[in-house]
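Asker: Residues per chain, in single letters:
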Amino acid sequence: MTETVLHTKGLTKRYGSHTAVDRAELTVEKGQIYGLVGRNGAGKTTIIRMVTGQTIPTAGEISLFGAAGKELMKVRARTGVMVETPSFYPYLTARQNLEYYRIQRGIPGKGTVDQALEEVDLADTGKKTFKNFSLGMKQRLGLALALMNRPDFLLLDEPINGLDPEGIVEFRNLLLKLNRERQTTILISSHILPELANLATCYGFIDNGVMLEQITARALEEKCRACIEIQVEDPSAAALILERQLSTRDYEVLPGGVLRLYSFLDQPQTVARTLVEGGASLRSIESRGANLEDYFLSMIGGVRHA
Amino acid sequence: MRNYLAAECYKVVRRKYLYIALFVVLALEGLMVWGCWFTSSNGNPNMDFYAAVTTIPLMLSVGLYATILTGDLAFSEQYKHNTLKNEVAYGLPRARIYLGKLLVATLVALLAAVIMVGVYIAGCWILLPHTGMEQAGLDLVWFALAGAFPLWLGGQAVAMASYFLVRNTTVAAFVSVGLLGVLPAVFQACGLLIHPMFEMIRQFMPAVMLEMLPNYAFQWDYIGRCWVVGLAVLAGATLVGLVAFRNKEIR
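Here the protein sequences line up with chains A and B, keeping their order.
Our numbering numbers the first residue of the first sequence as 822 and each following residue consecutively.
Our numbering numbers the first residue of the second sequence as 385 and each following residue consecutively.
Watch out, some of these pointers could steer you wrong.
What the hints assert, rightly or not - Keeping only pairs whose Cα atoms sit at most 27 Å apart, straight-line, the calculated DSS-like set for lysine-lysine is:
| no. | chain 1 | residue 1 | chain 2 | residue 2 |
| --- | --- | --- | --- | --- |
| 1 | A | LYS931 | A | LYS895 |
| 2 | A | LYS949 | A | LYS959 |
| 3 | A | LYS830 | A | LYS895 |
| 4 | A | LYS1044 | A | LYS851 |
| 5 | B | LYS632 | A | LYS949 |
| 6 | A | LYS851 | A | LYS830 |
| 7 | A | LYS959 | A | LYS948 |
| 8 | A | LYS851 | A | LYS948 |
| 9 | A | LYS1044 | B | LYS400 |
| 10 | B | LYS464 | A | LYS952 |
| 11 | A | LYS952 | B | LYS400 |
| 12 | A | LYS851 | A | LYS895 |
| 13 | A | LYS891 | A | LYS949 |
| 14 | B | LYS464 | A | LYS948 |
| 15 | B | LYS400 | A | LYS895 |
| 16 | B | LYS400 | B | LYS464 |
| 17 | A | LYS931 | A | LYS998 |
| 18 | A | LYS949 | A | LYS931 |
| 19 | A | LYS931 | A | LYS959 |
| 20 | B | LYS464 | A | LYS851 |
| 21 | B | LYS400 | A | LYS931 |
| 22 | A | LYS891 | B | LYS400 |
| 23 | A | LYS948 | B | LYS632 |
| 24 | A | LYS952 | A | LYS891 |
| 25 | A | LYS830 | B | LYS632 |
| 26 | A | LYS830 | A | LYS891 |
| 27 | A | LYS952 | A | LYS931 |
| 28 | A | LYS830 | B | LYS400 |
| 29 | A | LYS931 | A | LYS948 |
| 30 | A | LYS959 | B | LYS400 |
| 31 | B | LYS632 | B | LYS464 |
Derived by calculation from the structure, the hints in this document are not laboratory data.
Pulled out of the complex, with its shape left as it was, chain A reads as follows (with noise of 0.2 Å):
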């Protein structure tokens, strides 16, 4: 059985006449990466504060590990948490600033604070203080800060925003090994889709506060495979033509006249030709598939200015 490592149920947050978030149903499973997708301003990383605790919620429920209510600031600290810019006190070193939060978290031992600057390359930077970090080294002390803990669940927003090519993909491993090795749970928001994509195993698509879909990575890459849609009178005879003229089962038939054929890709004329020949009745063909990013196009209606 799959444990539920976060539950919200109608998580709404009002400010003033805004609705920043309404109603949000969210649900991450153990061992999921889990991609928040969204335009600026969604309500991405509302959601996360509320969750994290940041912003008290206007109405709805949180439940993390099972835990509701009171209980929540206690399974709070199985988390690892980055959300927006990470921030540090700025005439403390990294060294000193992580020591600063292990202190106070009680979390044991002193070797946990340089196996966490190892762990993103920060190892080395000795008596430079935070605010002469660059952008991409604050991101890492950032995500040293949240892998501090060990945390089960890391809750990430907009991470990889400031780090460089070679950050990024150093950042994508260090995830995928955590979610591999240690089954740390993962809720990742970004705008940034090509790189969400190379990440999640789920997705919750979010748009102007409301959650619009949530959708796993297989069922996703199902729904945006690389296709020819066909639309015919009668479908199952357009197949068995397909069937005998082009020796081909690789297609589904859709409710509505759709049938789906997922070769002969770049011969639509062929395809065409062909039922035309065997008598079918063609209403229209076309070529179709998507990625993420065409997906959440589609499904918050175009391309939009926040």
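Given the structure of chain A, go ahead and fit chain B onto it with the hints provided.
Answerer: Okay, now just chain B, sitting in the frame of chain A:
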């Protein structure tokens, strides 16, 4: 809570601000002691150890406003650096965060007060002539400090509440000054212009009680009143701060 306090102390002792502020204040004190010594050594018979230390009760208001500095030191511009989220997000109770910082600010204030008063008295003891009134002078200092301590505690709580509730540190410091220093003046004016009740309330404000303290030398019932007022301000300001901080949005 012990971990939290240890971490706060770890941070505070690594701030240059603490040492710079202490250095400046001690330098000013040094200047004062030197002034006393200079006057005394140039033939002023009235300047001795007793005269120098009995100025301490007259300067107790400085301690009240110094709580704004120690509060800032402990609070460490959390809103400017957005560091509170690192504490809240990991499940630290907000009450622990609030009370932890208040306790550390109080501890720093106490240590700073001990150092400053200690250095001043030691400087005077070494440099100024003794006239047999030393014990009387010191008794007066201890008396004044016994009354000032709870009022400083109240001041510290007011300053800390301001830092927690006002996002801008400079504005928070001004709010503290307003509540601790300007409000009594407003009440005084209201007492004259509107109703004598305002003047009566003013008499129970920490800044006013500190000013009046030298006039009540060795009147222990006044010290008792200082404790009641100081602890009431401490409790009131902390309660207001805690309740407001409980639902505050942390960015």
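Asker: Next, verify each hint and record whether it holds.
Answerer: Evaluation of the provided hints:
no.	hint	result
1	A/LYS931 / A/LYS895	23 Å, holds
2	A/LYS949 / A/LYS959	12 Å, holds
3	A/LYS830 / A/LYS895	20 Å, holds
4	A/LYS1044 / A/LYS851	24 Å, holds
5	B/LYS632 / A/LYS949	33 Å, violated
6	A/LYS851 / A/LYS830	18 Å, holds
7	A/LYS959 / A/LYS948	15 Å, holds
8	A/LYS851 / A/LYS948	39 Å, violated
9	A/LYS1044 / B/LYS400	59 Å, violated
10	B/LYS464 / A/LYS952	13 Å, holds
11	A/LYS952 / B/LYS400	15 Å, holds
12	A/LYS851 / A/LYS895	18 Å, holds
13	A/LYS891 / A/LYS949	40 Å, violated
14	B/LYS464 / A/LYS948	23 Å, holds
15	B/LYS400 / A/LYS895	34 Å, violated
16	B/LYS400 / B/LYS464	18 Å, holds
17	A/LYS931 / A/LYS998	23 Å, holds
18	A/LYS949 / A/LYS931	20 Å, holds
19	A/LYS931 / A/LYS959	21 Å, holds
20	B/LYS464 / A/LYS851	36 Å, violated
21	B/LYS400 / A/LYS931	24 Å, holds
22	A/LYS891 / B/LYS400	39 Å, violated
23	A/LYS948 / B/LYS632	34 Å, violated
24	A/LYS952 / A/LYS891	36 Å, violated
25	A/LYS830 / B/LYS632	22 Å, holds
26	A/LYS830 / A/LYS891	16 Å, holds
27	A/LYS952 / A/LYS931	24 Å, holds
28	A/LYS830 / B/LYS400	47 Å, violated
29	A/LYS931 / A/LYS948	18 Å, holds
30	A/LYS959 / B/LYS400	22 Å, holds
31	B/LYS632 / B/LYS464	15 Å, holds
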